[in-house]
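Chemist: In case you want the letters, here they are:
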Amino acid sequence: MHGVSGSDMTGLAPSEPPADSKLLVAPVPAIQKGGHKLLELVEISKRFPGVRALDGIDFDLAHGEIHVLFGENGAGKSTLINVIAGTYPPDEGKVIFEGQELRHLSPHHARLIGISPVFQEFSLVPDLTVAQNLSLGREISRFGFLRVAQMRRRAENLLAELGFDLDPRKIIRDLSRAHQQMVEIAKALLSNVRLLILDEPTASLTERETLRLFALIERLRRDNVGIIYVSHRMREIKQLADRITVLRDGKLIGSRKAADVTESELLEMMTGRRIEVLFPTIGHKPGEKLLQTTGLSVGGVVDGVDFHAKAGEITGVAGLVGCGKSELIRAIYGLEPVTAGKVLIRGEPCERISPALSLNRGVCYFPADRVVEGLALERPIRENVSLVASRLPPLSSFGWIRRSVERRLTRQLIERLQLRPPSPERTVAHLSGGNRQKVMLARGLTRDFKVFLFDEPTIGIDVGAKIEVYNFMKALVEAGAAIVLVSSELPEVLHLSNRVYVMHRGRTVAELADKDITEQNVLAHFFQETREEAAG
Amino acid sequence: MSVMSVNREALMARISTRLSVVGLIPFLLILIVIGMMLVEPRFYSLPNLFNILRNTSFLAIIACGQMLVMIVGGMDLSVGATAALASVVAAKVMAGSAASYGLDPGLAIAVGVVASLGATAAVGFLNGLCSVLLRVPSLIVTLGTLSIVSGITLMMTSGIPVYGLPQGFIVDFGRASWWGIPAPAYVAVAVLAVVWLLQRTTLLGTYIYAIGGNPMAAMVSGVSATFYVVFTFVLCAVLAGVTGLLLTAQMGSGQTNLGGDRLMLLSIAAAVIGGTSLRGGIGRAEIVGLSALFLSTLTNALNLLRINSKKELVVLGVVVVAAVAIDSLGRGKAAVE
Chain A
63 MHGVSGSDMT
73 GLAPSEPPAD
83 SKLLVAPVPA
93 IQKGGHKLLE
103 LVEISKRFPG
113 VRALDGIDFD
123 LAHGEIHVLF
133 GENGAGKSTL
143 INVIAGTYPP
153 DEGKVIFEGQ
163 ELRHLSPHHA
173 RLIGISPVFQ
183 EFSLVPDLTV
193 AQNLSLGREI
203 SRFGFLRVAQ
213 MRRRAENLLA
223 ELGFDLDPRK
233 IIRDLSRAHQ
243 QMVEIAKALL
253 SNVRLLILDE
263 PTASLTERET
273 LRLFALIERL
283 RRDNVGIIYV
293 SHRMREIKQL
303 ADRITVLRDG
313 KLIGSRKAAD
323 VTESELLEMM
333 TGRRIEVLFP
343 TIGHKPGEKL
353 LQTTGLSVGG
363 VVDGVDFHAK
373 AGEITGVAGL
383 VGCGKSELIR
393 AIYGLEPVTA
403 GKVLIRGEPC
413 ERISPALSLN
423 RGVCYFPADR
433 VVEGLALERP
443 IRENVSLVAS
453 RLPPLSSFGW
463 IRRSVERRLT
473 RQLIERLQLR
483 PPSPERTVAH
493 LSGGNRQKVM
503 LARGLTRDFK
513 VFLFDEPTIG
523 IDVGAKIEVY
533 NFMKALVEAG
543 AAIVLVSSEL
553 PEVLHLSNRV
563 YVMHRGRTVA
573 ELADKDITEQ
583 NVLAHFFQET
593 REEAAG
Chain B
12 MSVMSVNREA
22 LMARISTRLS
32 VVGLIPFLLI
42 LIVIGMMLVE
52 PRFYSLPNLF
62 NILRNTSFLA
72 IIACGQMLVM
82 IVGGMDLSVG
92 ATAALASVVA
102 AKVMAGSAAS
112 YGLDPGLAIA
122 VGVVASLGAT
132 AAVGFLNGLC
142 SVLLRVPSLI
152 VTLGTLSIVS
162 GITLMMTSGI
172 PVYGLPQGFI
182 VDFGRASWWG
192 IPAPAYVAVA
202 VLAVVWLLQR
212 TTLLGTYIYA
222 IGGNPMAAMV
232 SGVSATFYVV
242 FTFVLCAVLA
252 GVTGLLLTAQ
262 MGSGQTNLGG
272 DRLMLLSIAA
282 AVIGGTSLRG
292 GIGRAEIVGL
302 SALFLSTLTN
312 ALNLLRINSK
322 KELVVLGVVV
332 VAAVAIDSLG
342 RGKAAVE
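In order, the protein sequence lines correspond to chains A and B.
Our numbering puts the first sequence at residues 63 to 598.
Our numbering puts the second sequence at residues 12 to 348.
Worth flagging that the hints you see were computed from the coordinates, not collected in a lab.
Keep in mind that this is a model prediction, so the values were computed, not measured.
Virtual Cβ for every residue (Gly too), placed ideally from N, Cα, C.
If you want a taste of the chain B side facing chain A, the calculated C-beta under 8 Å gives, among others:
id	residue
1	T212
2	Y220
3	G224
4	A228
5	M230
6	S232
7	G233
8	I293
Using the sequences provided together with the hints, build the complete structure.
Modeler: Here's what the structure looks like:
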């Protein structure tokens, strides 16, 4: 597919396929109300060694429909969208696209006929520019020479049309994750899209970017593009979905019209058990100020923050992506350099701050990115759990590890946190997201910590595991610990916190307590600031 | 977590270990032994078995050091040059102190050993410091020290072997057998035992694994990588030095071209074939020891079959690449969901 015409800006007008695109299936009129479905899957099964990842799944998607795929991690959602995108061939069953059965579908063929997936793992080349990435594989050339200006214009036009605030000359590596996600979406829309697959597209977007993405999705829907949308977030699902299909353990649990189904029904279908409440009721008993900062600054990211957290309560920190909320607790723990201000633990100012010193002062930090900063994936659960405590008695004495004590402790914690599989020697790489998070949490119980800093504690884990994390926090707080909860999941902060700080551009702009902790209040502070900026 | 996915995980874990090279070693070793039994009776002569044992000992010690560096996520290309440095320094100091200062041979040996191990420790310190503090990849740092150290040993000796070692060092140690078994074997067993203990029972060993497994996670958990990484490089260099001393004692002279690139290649080969991960975090001394036995048996078999040393180098290269390939493919399979 070289030499696609330069005016290939048809991503948003799928009813007019470019004249020179070589479609594998005969082009059918895009609008076929009452005719064929856009996509039909019949009894799709897919086995991987030792597991049936998909077991006789039926699925269909109409033109201009948004169909949400819902299920826990490992339920088969990823496998299913990979089958549709041509990454995995199904072992059994039929894939019918616009009335024609597709056989031997490859990712390349899928793209050619208008199936565009946006996966969570990005398919971007980090060292190339935005424009180069958008043109990758569909470069415009004449006599073998690239027409760089034309390609950049195409990228600019596309980004402008999407309303994405991105410079096409920027190198991907220098972009935030949210911006990389936007490039990935733009890339999917560059070709002639008829079926768009979005796999948790808002996971790293800010509220504003999310709204923009939703507007775009609405526009695509009006243009009769079918959309398969994978998400855990209830609010989005309610807002977007026409239909919702729930998978569990590779099996189809059911398909429901979005209008006819409640949140708790969906959760029940997903987990196979009744979930009465997502958020536990926490008995806050605020006591001594265990953690305090005065005028704390970190480079240009955190700017003079006065903040405190008391024993026996959860202190929430809310804010948009990039507001400095994560950097605040990272600086308190010693992972970001403090450029001004003080951190006080139990009223004592900390002269030097490093992770090792913080641990000794009773402060424990759970990083947002468990793979990068939390776990040694190739090492067993036991070593990962005991890492912060192994230098101390009773786990070691004079540099000798006491293996039996370590093993007993790990077993106890595995039991207490219901970690699965319950084998201390299993390498962490083989655990699911929720169980990896439990390994991290177990670490917090190996020493006598008083202050717990949670950085996005439920990112990438399913509802079942989320509830367990919340109950873990409840147990800690009710035992008298101070918890600081930094999260981009607003409901989480709202329901669990006793007090909430709202941060914006590195500053705390509000401190809310009790009845003032409402979504409206928090969002008002996000947007009030934004409006001021727009005005000034 | 459903029962089904637990089973899948268990299965994946089993598949990935089954595909690794480590499981193949005993099998291949037996294959070589049986093959040699059929074609070459000299393989079973006691002198030849002792020869294999000696070579295994040299290799196991230097490969243990290499393995530790690879566990923290590095690689040490300078081990061969470091062994040669140990050889030359030991020979010079022993010969010099016995001749010029009239030291008692025993004392001269002790001074020589301390001096040469000290020199190697300095090399390791330099390697570690540069790779941690200056953030130069260890592959490049040790390539540099390989050149530097080789240059220094050549300057010290002009490339001429250093003679005049105390006879006791050669006769009672290097070429000696204690209770019927070559002396280097005892040293190798001791080194393997110490590293094994270090890995299994000490905080140091645990931290080396943790840092190699995920340096960021170790840092967040309050483990200072600097000290442990530097220490690991020092340990690796000193173990290379021990190998250098053993070879010196066997040959009876200090040599600038003790094993050179071959020793370095073999040490990496033994570590990798012994299941040490190139990405860090994984590696066990006892298996590296077994892998050293395998490699020494293989090279010995090649020698007996009159495959000359040039062809042997080709075979070694192929074995190393194949070992890593099998390992990576095994891991790749396990990673696919």
